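Protein chains in written order, with UniProt numbering: chain A, 1 to 736; chain B, 1 to 736.
Incorrect hints may appear among the rest.
[Stated by the list, open to error] Straight-line C-alpha distance at most 27 angstroms; calculated DSS-like pairs for lysine-lysine:
| id | chain 1 | residue 1 | chain 2 | residue 2 |
| --- | --- | --- | --- | --- |
| 1 | B | K664 | A | K664 |
| 2 | A | K641 | B | K641 |
| 3 | A | K614 | A | K578 |
| 4 | A | K245 | A | K130 |
| 5 | B | K72 | B | K104 |
| 6 | A | K579 | B | K664 |
| 7 | B | K575 | A | K667 |
| 8 | A | K575 | B | K664 |
| 9 | A | K505 | A | K517 |
| 10 | A | K505 | B | K667 |
| 11 | A | K667 | B | K588 |
| 12 | A | K519 | A | K415 |
| 13 | A | K653 | B | K579 |
| 14 | B | K667 | A | K575 |
| 15 | B | K650 | A | K641 |
| 16 | B | K575 | A | K653 |
| 17 | A | K588 | B | K664 |
| 18 | A | K641 | B | K579 |
| 19 | A | K667 | B | K641 |
| 20 | A | K641 | B | K568 |
| 21 | B | K588 | A | K578 |
| 22 | B | K664 | A | K650 |
| 23 | A | K505 | B | K641 |
| 24 | B | K650 | B | K517 |
| 25 | A | K650 | B | K588 |
| 26 | B | K568 | A | K650 |
| 27 | A | K641 | B | K578 |
| 28 | B | K641 | A | K575 |
Calculated from the structure, these hints are not laboratory results.
Bear in mind that the values here come from a model prediction, so they are computed numbers and not experimental data.
Chain by chain, the residues:
Protein chains: 2
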Amino acid sequence: MTKISSNDQTNPVFNPAKFIQKERTTSKLKIDQINTFLESTPERRDLTHRLIREITNDRVLETDTSYYDLNKSQQREITANKIARLALYMEHDIKTARNNFENKNLIQDLQKNNGNEPLLQSSDFTIFDKRLSLIANIDPQLSTRVGVHLGLFGNCIKGNGTDEQITYWLQERGAAMMRGIYGCFAMTELGHGSNVGQLQTTAIFNESNNTFTINTPNLTATKWWIGGAAHSATHSVVYARLIIKGKDYGVKTFVVPLRNTKTFQLETGVVIGDIGAKMGRDGIDNGWIQFNDVVIPKENMLCRFIQVTNNGNGDVKVKVQPQLDQISGYSALLSGRVNMVMDSFRFGAKFATIATRYAVGRQQFAPQTKDGKNSNQEEVQLINYPLHQYRIIPQLALVYLISPVAFKLMDTYYKTLDELYHVSTAKDNDALVIVSAKLKNLFISSASLKATNTWFVAQLIDELRQTCGGHGYSQYNAFGKGYNDWVVQCTWEGDNTVLSLTSAKSILKKFGDAAQKGKFDSNLDGDEFGYLDPSFIAEVYTNQVTADINDDSDLESFIQVWAILLVKSLVHIGKVLKKNNDINSLSKLLVQISRFHAIYLMLKTFHEKLENEKESYITDDNTKATMWNIFRLFSVYYIDKYSGEFLQLKLFKADDISNVIQPKLFKLMALIRTDCIALSDAFELPDNMLNAPIGFFDGDIYHNYFNEVVKNNPQETNGAGIPPYYMALTSMLSRE
Amino acid sequence: MTKISSNDQTNPVFNPAKFIQKERTTSKLKIDQINTFLESTPERRDLTHRLIREITNDRVLETDTSYYDLNKSQQREITANKIARLALYMEHDIKTARNNFENKNLIQDLQKNNGNEPLLQSSDFTIFDKRLSLIANIDPQLSTRVGVHLGLFGNCIKGNGTDEQITYWLQERGAAMMRGIYGCFAMTELGHGSNVGQLQTTAIFNESNNTFTINTPNLTATKWWIGGAAHSATHSVVYARLIIKGKDYGVKTFVVPLRNTKTFQLETGVVIGDIGAKMGRDGIDNGWIQFNDVVIPKENMLCRFIQVTNNGNGDVKVKVQPQLDQISGYSALLSGRVNMVMDSFRFGAKFATIATRYAVGRQQFAPQTKDGKNSNQEEVQLINYPLHQYRIIPQLALVYLISPVAFKLMDTYYKTLDELYHVSTAKDNDALVIVSAKLKNLFISSASLKATNTWFVAQLIDELRQTCGGHGYSQYNAFGKGYNDWVVQCTWEGDNTVLSLTSAKSILKKFGDAAQKGKFDSNLDGDEFGYLDPSFIAEVYTNQVTADINDDSDLESFIQVWAILLVKSLVHIGKVLKKNNDINSLSKLLVQISRFHAIYLMLKTFHEKLENEKESYITDDNTKATMWNIFRLFSVYYIDKYSGEFLQLKLFKADDISNVIQPKLFKLMALIRTDCIALSDAFELPDNMLNAPIGFFDGDIYHNYFNEVVKNNPQETNGAGIPPYYMALTSMLSRE
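Start from the sequences, fold in the hints, and give me the full structure.
Right, here's the structure in full:
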């Protein structure tokens, strides 16, 4: 219902809700089955639904369109209040995960490290981690601000601390339960971001009293962008150069207190400032930190992989475990990257839902008559224009393709980290080699998937905003803040370009080993890097396999075409490299390798899941057929998008693109279009997760949108619309 | 100098200023000549510099980094104060343009329509229009908010009103001089944007008393997005359906008073609300309007092309001049489109300057040793990585290519509109046919250039922000608000997709006439549509001309390749259309046609200007050579970007892309890279126009940036950094 009763509401020109409802009645898709597919398993699906219900029904955590009008200070304060609320949910979630509500003091007992309770495990956080991941979709700055503490600070300690240090900081001091201390992650500096190895902050060992002195030696060494530093952190993990007797051992990690945990006063020697306004996520209190002779005890160096021993006679020994020392330094970032692939799925789902509903409900231009004039017929729904389908449907398909790979990556991450933890505790060196190799693969694929999907979703938000015309530019329809909050994902926790290059260089190295030395471990690499199997490379070389997607029933051909592209691209790079030996000159192609690898992985993982009913939970044939069309569309859309590369490397002939690829693309889009409302409904995002009235479920676009605008901008009842600063205007207009 | 003295500033790790200064001493480019080229002529260049000086030195108009911290209410009030200030500059500018400072009452005399002064001419506004255009680059919401009144409201009256109406509203009532009344432009409605013909607001003629009654018949007919409506407009031009005796004559324009010009109270029957928060440009008070039986006199219908006469005996006659009636309806938007191409140049210049300086000053990663490790050498400047050159240099080239076409389009616009005005006054029907054709061409090219360049510059801002890493995400470095303010240009005053389709369809029609009927008017179309010359089309058909850019000295070949692509694309579209007769199915290709047409025009206009020393003002050979390299690079960059299309249409062979195009691309980038600081200096944008410390002229990136952050976020001197809401945090951390 509109708030404005002065107009006749009985006979509106448009009835978008009617169109949207009609699509729901005509679609035969089994939405529940699809939702289970997208949420990975029935158990995880149920948990997702339960948590979304709790998040959207909690009066502290809920977010509505008034959110888009908050200024920076308001955002920060509200975010802090929400964090305090989340701390309570966390206790609840740990109890639920342990199925232990009888011990009313469970959290206190854990913190006291009471022997009656087993130590905190990662399984204790399964529910809360998911809660945080879902919150990222409605209030990203909130989940980041918590994530800095739990994810970055916490994981840095878990990845680099000894068991004792982990227990002390996370459990006894309470950090893991958001009690006692609140942490931040002081890695980047004003002058150094991606190049962690060259950070300039120093940690000088004082032999005489077993302490470290932390210093910021120059302006560019100022810790910069540190989330939580400006207002909320009591402690920080600081990346600093370990210097002992003048020798530089490289960058290590140290826990440094920043503020008194009771009064929040800064510790002496610590200088902190506010980074201020950002493009998005202003609810996070990013700050800068300078250290002036800050002294910390020796125990505050995280020393799982490096130990400093001081016998007191000027004899200081340093022991480093080189295999893991370097990787572990970055492992805190790994969790973020893995989470960002999941975020890509959820952010994509949100904006795809909004734009699809708007495209179905919005009408524009009557059909043209033969002489090119507009007829008097009813205006056409946007979604019925092929160009509009081209702008919407492939983005919807993209979101579908991200989900399986996001869940798989998350599972692999937890499994590998657990393995690493156990192997490094057991000090089993053979096992260590294997887990290092697995960790390396995880680095490659998470980097490639993070970079590719955060870029794809940035484009998705931008493109879909434009499909909503002017209404997409209103803050109340979520795109503006959504985009601003999103795009930092392309930069932080590994700049996308740097990550793409790193992962592509590793793939190139693997390719060299496989093609030249026949080295390929199918147990280790068979799954993610199947295209590097030497026998497949040989088949590509000898044209025994060729790109061919004519046969729709040959589903694997839609993956294979990317495998061939990858091999041919790698061969091409190898050839050029032989000539000029300058890897930098090839970096534009390397970024593409990372992208193609991600596309390949996404297709492969989706295919694996959907072809197995036990994994896909999709038993309905019609639904399955549509899901396969989405799979095909994704492949075909990107073939067309990268047709330059496909043609350059001669996977296709010039005419194939317009005769085969593009007709298939438009045919698939038209097929999927008939179910597009059902496919976006299948994300099962309630209105208060979307927080965009033009995308609300009931499809009553204009009333919903109008009402939210009026709610947030109430008309002045007295004064009849006189603006507060009208004197500036009247004196201008009446000036002599 | 940094504000933080606790750190040793004497020996910083990095010295970005040194690098940037060094490039200035080594470059041999004649920056002044380039600046004259970019600013069109020496006279225009001098005016630009003078106006920029005035804008940046006026304490009311100046904008610094504190701008990025303003909330919506502050932005709106400050913008209103700036408008009042601009009104004074406008008087000054009119006097300057008339070279008449003796008549102290010039503005009052003009308003009184005093016969001693000639009527206001468009030449009176040359200086002020330029002032506004330059303001758009530092404070876009200010220029838009003024532009709504002068550009949209004013141009609508100029385009649709009779001479008497123009004189009355713009001169006697004072609108043209920002006195007496302030206008807004009520075209779009909640339910209709691009489809102007279907707007729903009604204007019903009352025969008995010669008035119109304006009504909003339903919610979707609510005027929506109306800039200036929420707070500042006293009057509006309203697009409404003219209804006489129940007959609908389509959408016409009416001047409707909204507020009392003294008290600013709303007129009776007018309901106005605030649209609220937007993705960007919150300084503009966009509003919505509903009309409830608002009565206006007959004279308030703008009637240059439509007249309603009422003899009082129930005999009402309507006379329409069909040739111009429709075009004129949109002509108010034309000025905006033309201005947006100029904005593309200036916005592009701003962000290219910031990113280029940062890329030269910022260092990242030491060179790698042979075994792939980082060496101990100094870290490499970002700009020296080929991939970084690929991200920066083509964007710089893009800006260079926009400038000549932007100035030419602006000149054509003024010339054509003047012609239209004179011809329609003289009622010369033959001349009217010619000017209509010219106007149509102006519609095609302005649509194609507006859509293409606003899209390109949106990508430019996004891509260049990413090249600045995290620092690009700080609001204080201009990219965030810059992007948010910019992207609405892709939607308003003609949605880019709709404009691309419209212009491409017109090109396709011209192509049909040329190819099938040999119809081609070289006087009219020879310049902008040279590729449609039937003899050229025949040469492409018979392969007498082929794409070939091997010879760098054959400058025209870099344009011709796009001419061939256009013809081949049009032939392809024609073929498909013959088969399926469904233009909608080809819309993806049509968008490309519009884009290719814009690229062709940009190359052609740049070439025309640079090859003629009298027009280019570039006499230095070395400078000219670099300018030609920029021209080549632009062509080659987009060939590579659209290699899919070039290969599909067989302009090149698959190997040409990697053997010819890409090596040429990287070679050109490396050449231009050596002068990249000079080329960005040549935009001559002072620091307070850039308003982004990482891009300031002196190149002292880190100090400048640090100081602006601290200035806007002063550290609390007492309380030692305790956040205002710390109780929420301490009570969470100490909870039981």
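Now the hints, each set against the structure:
1. K664(B) with K664(A): Given that 27 angstroms is the threshold and the Cα spacing comes to 34 angstroms, the pair is violated.
2. K641(A) with K641(B): holds, 11 angstroms
3. K614(A) with K578(A): violated, 47 angstroms
4. K245(A) with K130(A): violated, 46 angstroms
5. K72(B) with K104(B): violated, 38 angstroms
6. K579(A) with K664(B): holds, 17 angstroms
7. K575(B) with K667(A): holds, 19 angstroms
8. K575(A) with K664(B): holds, 18 angstroms
9. K505(A) with K517(A): holds, 17 angstroms
10. K505(A) with K667(B): holds, 23 angstroms
11. K667(A) with K588(B): Distance of about 14 angstroms is within 27 angstroms: holds.
12. K519(A) with K415(A): At roughly 25 angstroms apart (the allowed maximum being 27 angstroms), K415(A) and K519(A) satisfy the hint.
13. K653(A) with K579(B): holds, 22 angstroms
14. K667(B) with K575(A): This hinted pair holds, its Cα atoms lying about 19 angstroms apart.
15. K650(B) with K641(A): With Cα atoms ~17 angstroms apart, K650(B) and K641(A) stay inside 27 angstroms; holds.
16. K575(B) with K653(A): With a Cα-Cα distance of about 19 angstroms, the restraint between K575(B) and K653(A) holds, given a limit of 27 angstroms.
17. K588(A) with K664(B): holds, 14 angstroms
18. K641(A) with K579(B): Holds: K641(A) and K579(B) sit about 25 angstroms apart, inside 27 angstroms.
19. K667(A) with K641(B): The hint holds at about 26 angstroms.
20. K641(A) with K568(B): Holds, at roughly 20 angstroms.
21. K588(B) with K578(A): Violated: K588(B) and K578(A) sit about 40 angstroms apart, past 27 angstroms.
22. K664(B) with K650(A): The given pair, whose Cα atoms are some 21 angstroms apart, holds under the 27 angstroms limit.
23. K505(A) with K641(B): Judged against 27 angstroms, a Cα distance of about 23 angstroms means the pair holds.
24. K650(B) with K517(B): It holds: about 26 angstroms lies between the C-alpha atoms, which stays within 27 angstroms.
25. K650(A) with K588(B): Within the cut-off at roughly 24 angstroms; holds.
26. K568(B) with K650(A): holds, 21 angstroms
27. K641(A) with K578(B): holds, 26 angstroms
28. K641(B) with K575(A): holds, 22 angstroms
Going through the hint list in order, the structure does not satisfy hints 1, 3, 4, 5 and 21.
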